[in-house]
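S.K.: Input sequences plus hints: build the corresponding full structure.
6 protein chains.
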Amino acid sequence: MTSASTSAATRADGRSTDQLRDVTITRGWSQQAEGSALIEFGNTRVLCTASFTAGVPRWLKGEGTGWVTAEYAMLPRATNTRNGRESVKGKIGGRTHEISRLIGRSLRSVIDTKALGENTIVLDCDVLQADGGTRTAAITGAYVALADAIAWAKSQKLIKANATVLTDSVAAISVGIIDGTPMLDLPYVEDVRAETDMNVVVTGSGDFVEVQGTAEGAPFNRTELDALLDLALVGTTELARIQRETLGA
Amino acid sequence: MTSASTSAATRADGRSTDQLRDVTITRGWSQQAEGSALIEFGNTRVLCTASFTAGVPRWLKGEGTGWVTAEYAMLPRATNTRNGRESVKGKIGGRTHEISRLIGRSLRSVIDTKALGENTIVLDCDVLQADGGTRTAAITGAYVALADAIAWAKSQKLIKANATVLTDSVAAISVGIIDGTPMLDLPYVEDVRAETDMNVVVTGSGDFVEVQGTAEGAPFNRTELDALLDLALVGTTELARIQRETLGA
Amino acid sequence: MTSASTSAATRADGRSTDQLRDVTITRGWSQQAEGSALIEFGNTRVLCTASFTAGVPRWLKGEGTGWVTAEYAMLPRATNTRNGRESVKGKIGGRTHEISRLIGRSLRSVIDTKALGENTIVLDCDVLQADGGTRTAAITGAYVALADAIAWAKSQKLIKANATVLTDSVAAISVGIIDGTPMLDLPYVEDVRAETDMNVVVTGSGDFVEVQGTAEGAPFNRTELDALLDLALVGTTELARIQRETLGA
Amino acid sequence: MTSASTSAATRADGRSTDQLRDVTITRGWSQQAEGSALIEFGNTRVLCTASFTAGVPRWLKGEGTGWVTAEYAMLPRATNTRNGRESVKGKIGGRTHEISRLIGRSLRSVIDTKALGENTIVLDCDVLQADGGTRTAAITGAYVALADAIAWAKSQKLIKANATVLTDSVAAISVGIIDGTPMLDLPYVEDVRAETDMNVVVTGSGDFVEVQGTAEGAPFNRTELDALLDLALVGTTELARIQRETLGA
Amino acid sequence: MTSASTSAATRADGRSTDQLRDVTITRGWSQQAEGSALIEFGNTRVLCTASFTAGVPRWLKGEGTGWVTAEYAMLPRATNTRNGRESVKGKIGGRTHEISRLIGRSLRSVIDTKALGENTIVLDCDVLQADGGTRTAAITGAYVALADAIAWAKSQKLIKANATVLTDSVAAISVGIIDGTPMLDLPYVEDVRAETDMNVVVTGSGDFVEVQGTAEGAPFNRTELDALLDLALVGTTELARIQRETLGA
Amino acid sequence: MTSASTSAATRADGRSTDQLRDVTITRGWSQQAEGSALIEFGNTRVLCTASFTAGVPRWLKGEGTGWVTAEYAMLPRATNTRNGRESVKGKIGGRTHEISRLIGRSLRSVIDTKALGENTIVLDCDVLQADGGTRTAAITGAYVALADAIAWAKSQKLIKANATVLTDSVAAISVGIIDGTPMLDLPYVEDVRAETDMNVVVTGSGDFVEVQGTAEGAPFNRTELDALLDLALVGTTELARIQRETLGA
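Protein chains in written order, with full-length UniProt numbering: chain A, 1 to 249; chain B, 1 to 249; chain C, 1 to 249; chain D, 1 to 249; chain E, 1 to 249; chain F, 1 to 249.
Hints are computed from structural coordinates only; laboratory data are not their basis.
The beta-carbon is built from N, C-alpha and C at its ideal position, and this holds for glycine as well.
Where hints are given, some of them may not hold.
Stated by the list, open to error - Covered by chain E, per the in silico footprint, the following chain F stretches (three or more residues, Cβ under 8 angstroms): (1) 100-114; (2) 209-215; (3) 221-235.
M.R.: Given below as structure tokens:
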């Protein structure tokens, strides 16, 4: 990838511009959930659990289809300074809502809800430590938890063993332009300096599920947009590989 | 634009795939606000007001910069069936939060907050009637209200007459893929059928402020993404022209 | 009416003391609702929609009677300075509650709920621009929306065509005493100066549905009360005429 | 009073139509508040306390005027069947808001806020047992608590001893039309049957502070309105006498 | 009791260290509830009502067992300075939650829920005046209200006449260490000075239901803990006697 | 300890009745907080962070004393079945409130707030996995986080190096009676079967900070209470040792 390869390791953590941080996925971290994964993108740590329950919300009953949804949250001291709890404030902030919805849509994009049957899976993504890229780590980790919850449900005969509930894998990564250079997988120090910030959600087959690009500083042109998309695909391809390895697939 | 011109008018409302709905902007619809516009994209009607107040929120005091923010909401019967009021529910939904934040970021992208000085402008975008594209109509109309509020503030000597507070104009449009065909400016009947749905916010100079693409059905590939971006630019170029005309600029 | 006729046009807008502001009712302003009206009392503009749904709330099921209720709200910049949204505050203020209840009671007073059958009509009255008298404009406009929703339900055979669901029409007006003079239909500049302020809701036949008089300054005596009631009836008689004309009845 | 005297004691509790229930005011029931009264209208019991604090809310600072406000609430089992607590529901209902505002306005009508100085008095009216007329009992009892709090503040030299803070007394009563007969001071069993229900707030001098009449069943005509007002004045005259006696004035 | 008898009446109100304040229980204070008691521990006054309803919450249906729960609250001016209402704040504070739960657990400890059958009893304990020990007075008074509600239900044949629904009585008292001396039944002035504060809930047979001891100042040792428990039993024995007398048992 | 030693290992996990589960404290688990510890009591895992900030809440300003407070929460899938988030419900439950307050009081009991100076420390205890004893693990882990935050503040010269801010250590454990046998440190399966459940908070010197005993089934007598307290002290003595080891003190 040209745009990235030309800028040799100038990043604070010594990475090249098209290099992911160390990614670790601890599968089955929780003993309570039907599926779970503690995912780390460098210092970012997100605990993802998948809760499987028979039945669907009232508005879906009798449709013969399942439901997958997600909730994202951050511990108050996941960040460098403490943020008040949303439970104490009595309401959920816009950012939390936005990310929860993004995670839910992303995971639903690889689910065949007919094959899932009238069952519900809730993905909880709780950020234990935040250092940039929490929403993309959450999506990537939630996929692993989801896959395990589905395997569990098959083992319990709650879903037919031969049903193809998951149509593909899904992973996500952030990219951004910093001092004019497109870079992959931004930690917090880079994220706050980025002129443009983009989160890209991609299936294992390399198709796009979500593209969310935002000019934090100056608007961006088509060339920059293309460079960012190229870079994102480098990252999601690698993440898909790690997911496969983790799941032993 | 190739991708669109080949598909002749097959849309329910007789438009070609790269054609906007009728756009009307009634500038100064409200007598109370410092700037206002009732914008219509076909049957979608959004009342945009800009409220100018001297001073900034506490966390910005003494920084010498201004603040622009936005709130989006829908009347309960803007839609085909009635939705309960968020004030009655006691909380704001995720969709409302998400759109309010998008409008705010979009308008801030063309504001020089130093030139604005320690003043605050709140943009209220209330959907009176909804038929698809409410968030893009809101951004496009809010720009007109914002421009008028800034002109008013200059006339009142609250901002220096020669300050360049607005660095550009900004407009937004939705695009989507329906039955494999990319289409511009989706009304509700098209929006619900779209496999991929994208909202694109573009400056008057043609640079991107936001690109938010979502696969509602199947994931989309790079070619489809490119076709959608092309189509969006056709729309925002036309909207920028209408904004200039409306403002007599 | 003596009390009013003696004080020739001394009002800021040139009206005589027993004269209404210009009243405009745009029937069917909304394409989404079963009935709707944009009503204007001078610069006051209220969008009234009537939403008809089959069925009644749980506590009324099986009683064979229908339900009519109302919700009133104001856009944040309907007024001269911006008011925070109740949805953002997370609760509805006392004034909003009070007016919503008043509108609901007023409309129910002309409804035969047995004839309505087990159906529900919700009246939404949203103030787009406020210049005094918003609650009385809301009641007057909501009646038109309600009448159209009932006509629609009859045309859809959801209500028997020959049922007398509406037993009368209903309209409302404000009156007040300003510098000792009783005046009809107060705009904001008069309302804030009124010693006594009264809202009167009257049927088409001239009977009272609600009388709400409040001493804002000095208490009022029986003679003043009588003069205000006389004046109110002048206004509601005229409004009933305009409602009939609008509905082509 | 003609309309009432003709209907000899036909009421369930043996009263004539223009007769109050037994009224008891226990002055100083609370040892904590600066002024307090437990008022009983028959079985209706309301504990009224007046809390005096130096200083005013922020928006009134430096104006040289005081502030009087009120809050009304009902214990969950004040009524025949239990009502959930508003604190548990997390929001205050419309009826509570409406009555709190009415009590506040009524008491403010007899206060000279300049003479009160920059001090605040909060009147809490908590219904311990409800049997109709709770809001009118609350206003009548709150006046006694208010008078005592002002006397206390004078004794503490927080208000000048010779200041005329209270310009008059104020009391309130309900009236209604039941089976065509106007009646004074309705207990619950009468209240639910009333075609028209009116709450009237009157000063010691006999002038009106509030008139709130509502047609619960059929609309009411001018003659009925007049009869109700006559009856209300019979009641408030008697209540003013009892207030004077209680306060030893 | 040694630890207390040695410290002769040194308390502000002249009591000995092991002496209760005057305790008064007015049974049947409320005419609305199935059982009620106004209980006074000195100047602390709590109105306790028991509301009996047939049926149980959804999660208990079909289990053949009843449900007893409690809600505690304080009037805003029960205390020396006014506290804002929890209904106005829109949420219930931690202290209120904690005490409501304690009362509920305490009363359930003497209920045979099988014998109660599928019925629900809600105990409302509203503090009308607070001078220390409100939670212990609430438990002690709520028992009387509960006993009467059960008697009422038997008289109405909602519970079998020979069912032993109450397995024992229950009462509670506070104890604390002040200047090194353990004392029984602390009024507010003592409570704020206590180094250690303990609330003890005891059955009529003298067994413990709850022991909640808290070091407000220095931690306490085993000897002090024992002295406090001894003292508490003196108090609850006396309260059990008063409860029996009140109920004429 | 006699009461426990007689009942040889009859517990599901093979422990003797006076034996703690495996306790692990991972000091400094979070890189963001000034002090942190991931504490495990068997399968119970609680992440404790201590956030140090200069300054105190408004109501403490100028008093020369610091403030320590705590917030407890549980991830939705910490438990065997998922619990809805309190942030989504919009309010904090009674249990959460109660435990947060308990943790705060416990930690404050070993803090000299004068020595802390006008600084605030917030302890966040988030249960990542729950298997009984979460509140006692939280207190025990929070002490370690607190000690490290104070050490950090001294190293940053925000507190004087020689100030004795911590007057002692503090730890907590649960005890209960199961089938008549007192047992130490109950996992979930034992906790739900316990007739009596007690949480005991003890300083490093062996004095009590809190004793909270609750009869879940039958009330308990003095002998049982004494046996439970003995057992608790065995546990807290061992926990104090582990805390000292962890902190290398």
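S.K.: The structure should be examined with respect to each hint, and the outcome stated for every one.
M.R.: Consistency of the hints with the structure:
no., hint, verdict
1, 100-114, "holds (count 4)"
2, 209-215, "holds (count 7)"
3, 221-235, "holds (count 4)"
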